[in-house]
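Colleague: Work out the full structure, taking the sequences as your base and the hints as a guide.
Sequences listed follow chains A and B, in order.
Taking the working numbering, the leading residue of the first sequence gets 1, the next gets one more, and so forth.
Taking the working numbering, the leading residue of the second sequence gets 1, the next gets one more, and so forth.
I should point out that these hints are in silico values taken from the structure, not numbers from a laboratory.
Predicted model, so just to flag it, every value in this text is computed and none were measured.
Mixed in with the good hints there might be a few duds.
A pair holds if it fits inside one copy or across any two, identical chains being indistinguishable in the list.
As the list claims (entries may be wrong) - Straight-line Cα separation of at most 25 angstroms, DSS-like style, residue types lysine-lysine; simulated pairs:
(1) K190 <-> K217
(2) K145 <-> K173
(3) K170 <-> K15
(4) K190 <-> K218
(5) K15 <-> K173
(6) K170 <-> K190
(7) K145 <-> K190
(8) K16 <-> K145
Number of protein chains: 2
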Amino acid sequence: MEFPKSRINEVQRGKKKASYNQKEIYDILDSTEICHIAFLIEGRAMVQPINFGRFEDKIYLHGSLRNRMTQAIIDNELVSLNVMILDAMKLTRSAYHHSVNYRSVNIFGRSLELHDPNEKLKGLAAIINHFVPNRWEHCRPPNEKELLATRVVEIQIETASAKIAQGDSKDNKSDLSLPYWAGVLPVRQKIGTPIPAKDLDKDLATPQHILDFLNQKK
Amino acid sequence: MEFPKSRINEVQRGKKKASYNQKEIYDILDSTEICHIAFLIEGRAMVQPINFGRFEDKIYLHGSLRNRMTQAIIDNELVSLNVMILDAMKLTRSAYHHSVNYRSVNIFGRSLELHDPNEKLKGLAAIINHFVPNRWEHCRPPNEKELLATRVVEIQIETASAKIAQGDSKDNKSDLSLPYWAGVLPVRQKIGTPIPAKDLDKDLATPQHILDFLNQKK
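Modeller: What follows is the structure in structure tokens.
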């Protein structure tokens, strides 16, 4: 499925790097821990990082009851967020052609605060399983008090686009003989060896869902 | 120097994690490649990733002349951006206490388009040297044509705040005996081995400023 291009989601610059493919967009979303969400405070555009979950064509956020950003997102309804994975830094002989390889996704949707406890639990499960796949089955679900203290926001994805740059560094022909280094510095997010909590039962080995996550991030 | 707290920059939730210390804030800014900037399009808050530079209390962005985001940032004057470094994922026995260690900075300022070629060059040097320290001396500076094709935006930092979470995973006492793994997964951005451009002179070794950058990122 492709998201139809509209004035909101169409990539304006670097159209060759654009993708509207839902699977490609969701794959990028699902491989990041944090998104950056835009919101309005007194008419001023602001941005904050927040962790999130996805289930089908819905994104879930959570926050405390008094969180200013969550409140603004609920009040404004129209939501825009971005996730970006930096894959490489590209260095060229000319300052002008320095650039990066990246995968960036913009999501546009409508927010809705969830009140039904079962709907809230579904959203929180999506957030925890986005954090580490299958984690929800391997932790204690929120109790009634915790659920009441947590605001859960559902964002119905209306449209989206990705911008993906992959490739080698590229200089002008006339610059090739300049005595400057050019090339690519690969960038990768690495997850280190898990550090068990000090109060963890010594007999509890690192469970399979965490080993799987580490493998996936290798 | 501390940024004074105001309605704009004061951290509302998790005040113990807040910092207004200029040096701490600039250190976080300087150790990231990409910021996320908020802007308004037809009254809607949007967010995009962009690389940037800093020199003293000014941030520099650049873009092509026809870039919608750059235009919006110049038009709106009041600018807000965020950088965020994810340091660890914290897993707890309860779903409720899952969280992350991070360093997040919010910058609030005023934008100004630069027109003077020398001012523009100063901004571009800050961007290239933010990308890789000392890179500006080791590449060809923009020529007149390139400079004309590049828009450079200066953001005067008016106020800022950081939010920094570092520590161990923490469960409720009543959850400690639950049979779930708890602990920390460290997260690190790694720069891989430089890949020289295919057309690079074979005699050109990886220069010192890149080796220094790799060392700093180890």
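Colleague: Which holds for K190 with K218 at a C-alpha limit of 25 angstroms: within a copy, between copies, both or neither?
Modeller: both (7 angstroms within a copy, 12 angstroms between copies)
Colleague: Under a CA distance limit of 25 angstroms, which applies to K170 and K15: within one copy, between copies, both, or neither?
Modeller: Classified as within: same-chain Cα gap 18 angstroms, cross-chain 46 angstroms, threshold 25 angstroms.
Colleague: Have a look at K15 and K173 and pick one of within, between, both or neither, based on CA distance no larger than 25 angstroms.
Modeller: within (24 angstroms within a copy, 54 angstroms between copies)
Colleague: Is it within a copy, between copies, both, or neither that the alpha carbon of K170 lies no farther than 25 angstroms from that of K190?
Modeller: This pair counts as between: shortest inter-copy Cα distance 23 angstroms, intra-copy 27 angstroms.
Colleague: Under a CA distance limit of 25 angstroms, which applies to K190 and K217: within one copy, between copies, both, or neither?
Modeller: Classified as both: same-chain Cα gap 7 angstroms, cross-chain 12 angstroms, threshold 25 angstroms.
Colleague: Measure nothing new, just compare the shortest in-copy and cross-copy C-alpha distances for K145 and K173 to 25 angstroms and report within, between, both or neither.
Modeller: Cα proximity of K145 and K173: across copies only (16 angstroms, versus 65 angstroms in one copy).
Colleague: Since the copies are identical, ignore which copy is meant and state whether K145 and K190 lie within 25 angstroms (CA to CA) inside a copy, between copies, both or neither.
Modeller: Neither: 35 angstroms inside a copy, 40 angstroms across copies.
Colleague: When Cα atoms must be at most 25 angstroms apart, do K16 and K145 count as within-copy, between-copy, both, or neither?
Modeller: between (50 angstroms within a copy, 24 angstroms between copies)
The structure fails hint 7 only (numbered hints given earlier).
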